[in-house]
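> Letter by letter, the chains look like this.
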Amino acid sequence: MSGIIGKKVGMTSYFDAEGRNIPCTVVEAGPCVVTQVRTEDHDGYAAVQIAYGERKEKNTPAALKGHFKKAGTTPKRKVVEFKGFEKELNLGDTVTVDIFTEGEYCDVVGVSKGKGHQGVVKRHGFAGVGGRTHGQHNRLRAPGSLGAASYPSRVFKGMRMAGRMGGDTVKAFNLQIMKIIPEQNLLVLRGSVPGAKGSFITIEI
Amino acid sequence: MDLVKFVEESLVEKREIPEFKAGDTVTVVYKIKEGNKEREQLFQGVVLQRKGHENTATFTVRKISNGVGVERIFPTNSPKISRIEVNKRGVVRRARIFYLRKFSGKKARIEEKRV
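Residue numbers (the working numbering), protein chains in the order written: chain A, 1 to 205; chain B, 1001 to 1115.
Because the hints were derived from the structure by calculation, they are not lab data. All values derive from a computational prediction rather than experimental measurement. Just so you know, not all the hints are guaranteed correct.
20 Å max Cα-Cα, derived SDA-like pairs, lysine to any residue [said to hold, decoys possible]: (1) LYS1080/B x GLN184/A; (2) LYS1080/B x PHE15/A; (3) LYS1033/B x ASN21/A; (4) LYS1080/B x GLY1045/B; (5) LYS1080/B x ILE22/A; (6) LYS1063/B x GLU1034/B; (7) LYS113/A x ALA162/A; (8) LYS1005/B x LYS113/A; (9) LYS1063/B x PHE1020/B; (10) LYS1031/B x PHE1043/B; (11) LYS1106/B x SER1010/B; (12) LYS1051/B x LYS179/A; (13) LYS83/A x PRO23/A; (14) LYS1014/B x ASP107/A; (15) LYS1005/B x PRO23/A; (16) LYS1031/B x ASP16/A; (17) LYS1063/B x LYS1014/B; (18) LYS1051/B x MET11/A; (19) LYS1051/B x ALA162/A; (20) LYS1005/B x GLN184/A; (21) LYS179/A x ARG1114/B; (22) LYS1031/B x PRO1018/B; (23) LYS1014/B x SER13/A; (24) LYS1107/B x LYS1080/B; (25) LYS179/A x PHE1043/B; (26) LYS197/A x PHE1020/B; (27) LYS1014/B x LYS83/A; (28) LYS1080/B x ALA162/A.
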């Protein structure tokens, strides 16, 4: 699996040759630096570690400073490991959007937008209890029953309830790469991508 | 530089369309593909609103067809629009005239702008 780290820029749309309106996300991807090459002999598994995003020297812990210095690069903000990178890479190499081709399908991993404390209707898609009329009140967004009574005398683990929503790692599958602009390190992906604008995402193929 | 704008400028072809606003009566000539044949369809009505900006902008047109109100939203930059004709300039006080939906017949008239 090859991949690259990037930043979500925002969404827009354009018209294709047949006049269809294509929704798409603009992603700034790379250039990433290879900061470590893990090998079977040394680490027990083969992988490539790449880093992206500038970071101030004074905000970097000394241990990380040394790690990036070894790769001959400035400190970076986001570090991700890829197993089975298709291209042969060495320490200090750069990974750019050249690894992709237009029309190809990719997966995108990001952290979804945080929604705060939410009820079961929004969080789990419950339908609420009953209707608005017939004298009912305040049950419209209620969760309903949590289970049976004297047996089992408890609420089962994993019962879906209200709570924190969003901020999860989400993977969006099979997004088509519509356009690659190598001069600006930009990718234009079809559809939406998890996370807020400016958040880090990894694009995998 | 705003990167979204950069992408929009490289992907979307900006179209020259006549200037119009809410309250105006326009005719949108729209290309329709039927099988292999391509023909043009007219949609004439009152502009309810113009929405969005630049490359992703749209506008809504409302007409009364066989006594039923029909509204259609067109992307301003769509290549399927072959042309837009402005038939009448209307005098309205707001940018979005959704109040027009409540009216029919004589009440739904819009005063024409005197040039």
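> Starting from the hint list further up, note which numbers the structure goes against and sort them upward.
1, 6, 8, 11, 12, 13, 14, 17, 19, 21, 24, 25, 26, 27, 28
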